[in-house]
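If you read the sequences in order, they're chains R and F. When you line the first sequence up against our numbering, it's residues 1 to 112, in that order. When you line the second sequence up against our numbering, it's residues 1001 to 1110, in that order.
Among the hints, a few may not be true.
What the hints assert, rightly or not - Lysine-lysine pairs mimicking DSBU-like chemistry, simulated, CA-CA at most 30 Å apart:
1) F/K1079 to R/K57
2) R/K57 to F/K1042
3) F/K1042 to F/K1097
4) F/K1102 to F/K1079
5) F/K1045 to F/K1079
6) R/K15 to R/K57
7) F/K1045 to R/K11
8) R/K57 to R/K17
9) F/K1102 to F/K1002
10) R/K57 to F/K1002
11) F/K1102 to R/K15
12) F/K1002 to F/K1042
13) R/K15 to F/K1042
14) R/K57 to F/K1102
15) F/K1002 to F/K1045
16) F/K1079 to F/K1042
17) F/K1102 to R/K11
18) R/K11 to R/K57
19) F/K1042 to R/K17
20) F/K1102 to F/K1045
21) F/K1045 to R/K57
22) F/K1102 to F/K1042
23) R/K11 to F/K1042
24) F/K1097 to F/K1002
25) F/K1097 to R/K11
26) F/K1045 to F/K1097
As the list claims (entries may be wrong) - Here are some chain R residues pointing at chain F (derived, C-beta under 7 Å):
27) G42
28) L43
29) Y48
30) T100
31) F103
32) P105
Hints were generated in silico from the structure; no laboratory data involved. The beta carbon of each residue, even a glycine, is placed where N, CA and C say it ideally should be.
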Amino acid sequence: GAGVSQSPSNKVTEKGKDVELRCDPISGHTALYWYRQSLGQGLEFLIYFQGNSAPDKSGLPSDRFSAERTGGSVSTLTIQRTQQEDSAVYLCASSLSTDTQYFGPGTRLTVL
Amino acid sequence: RKEVEQDPGPFNVPEGATVAFNCTYSNSASQSFFWYRQDCRKEPKLLMSVYSSGNEDGRFTAQLNRASQYISLLIRDSKLSDSATYLCVVNTGSNYKLTFGKGTLLTVNP
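Next comes chain F alone, as it looks inside the complex (with noise of 0.2 Å):
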């Protein structure tokens, strides 16, 4: 199993829609959970942290499944700008070591 998996995409949605991304991590003992943005050809940039009791940023809501090991994204009423990779990245065990997935295509269509 690989250390964090994600469904690659791409997802192709209309303006306003919600979309949901899951991943999966294979490390127990992963302590921290994020969600990173890489737009094409750009640095991947922190788009969450991910929290046991769940959190929410506007139109952006991040949940976390320990017992499952699983890390859940949902994008509401979805802008022509949320297009772009969603990284889910996993703090596996060391304090410092982050593990990416490999990403999921969005593209919000008009």
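The following block holds chain R by itself, in its conformation from the complex (with noise of 0.2 Å):
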């Protein structure tokens, strides 16, 4: 079946623009997760939502960031005023309940 999805693949965009990041899960996927991969660097955790529950957003690195869950489906990931530093792969997870995670191809983000 399908699997995750994310768009766009990849997007440049100027210092301080805000960019939206979108992430179709498996469908019937209750668990939805966000992480960040840096040049070098290990995935890092951002936010994780699980069906109606408050999300986990304690690895948002700013409050610059944000991300909404609609109808428990399909997520948006927002950077706003995005920064250098912001340039990574963001890739998007999901998963029955707690069981395996199924990533997504991931968003290459570069901020000029």
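Reconstruct the complex from the two isolated chains, following the hints.
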């Protein structure tokens, strides 16, 4: 079946602009995660959604980062007033409850 | 001490070689352990979970030593297609938040 999809695959923006990254999880998966992978670094947890529960936002690096999940399915990660250090690959994953996480192909964000 | 620490490599081995990766974790309350594989510019994919009794999947064997907080992955008879970055992943206490090591780069040469 269809896996996790993310859009856009690549995004180049200017410093100070806002960006929105989209994630479509696997149908039926209740849990959705956002991670960030910077060059030469491991994956960094950003935020977790599980059903209708309040999200775990403990990994968001600053208040410029926010995410929402509408209708328990699609999620959008928004970065306001982007900075060069925000350049990274943003990966979304989904899972059935707390089972194996399946990753999307990621969005490569470049902030000039 | 980093939460999950791996030897970054790179490991360059000939086809057919046996190669072992090691990983240590700092949170003794960790419950779940995994090895993921990430190809260049691709997303991570689960390779195998790691169980206390050790587990094997074809040419791949994973071991967990809770006392030493140490995880290993052994690849036997390595293939060119095994070339990738191998990520050690630990569930650090919560039941969903995974912590990833930075990965070990493996290149298998013909």
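So, as I understand it, the hint says R/Y48 touches chain F; can you test that by seeing if any CB pair is closer than 7 Å? Hint on R/Y48: holds, closest Cβ of chain F at ~6 Å, below 7 Å.
Checking hints one by one. Is R/L43 an interface residue toward chain F, by the C-beta closer than 7 Å rule? 4 Å, holds
Hey, F/K1102 versus F/K1002, does the alpha-carbon distance stay inside 30 Å? 10 Å, holds
Please work out if F/K1002 and F/K1045 have their alpha carbons no farther apart than 30 Å. 23 Å, holds
F/K1097 paired with F/K1002 [C-alpha distance capped at 30 Å]: 16 Å, holds
Take the shortest C-beta to C-beta distance between R/T100 and chain F; is it under 7 Å? Since chain F brings a Cβ to about 5 Å from R/T100, closer than 7 Å, the hint holds.
With a cut-off of 30 Å on the C-alpha distance, tell me whether R/K57 and F/K1002 pass. 21 Å, holds
Under the criterion that the straight-line Cα-Cα distance not exceed 30 Å, is the pair R/K57, R/K17 satisfied? With Cα atoms ~22 Å apart, R/K57 and R/K17 stay inside 30 Å; holds.
Please verify whether F/K1042 and F/K1097 have alpha carbons no more than 30 Å apart. Status holds; Cα separation ~21 Å.
Starting from F/K1102, check that the Cα of F/K1045 is at most 30 Å away, please. With Cα atoms ~15 Å apart, F/K1102 and F/K1045 stay inside 30 Å; holds.
When you check the alpha-carbon spacing of F/K1042 and R/K17, does it fall within 30 Å? Given that 30 Å is the threshold and the Cα spacing comes to 26 Å, the pair holds.
Tell me if the straight-line CA distance from F/K1102 to F/K1042 falls inside 30 Å. The given pair, whose Cα atoms are some 15 Å apart, holds under the 30 Å limit.
In this structure, only the earlier hint numbered 1 is contradicted, and the remaining ones agree with it.
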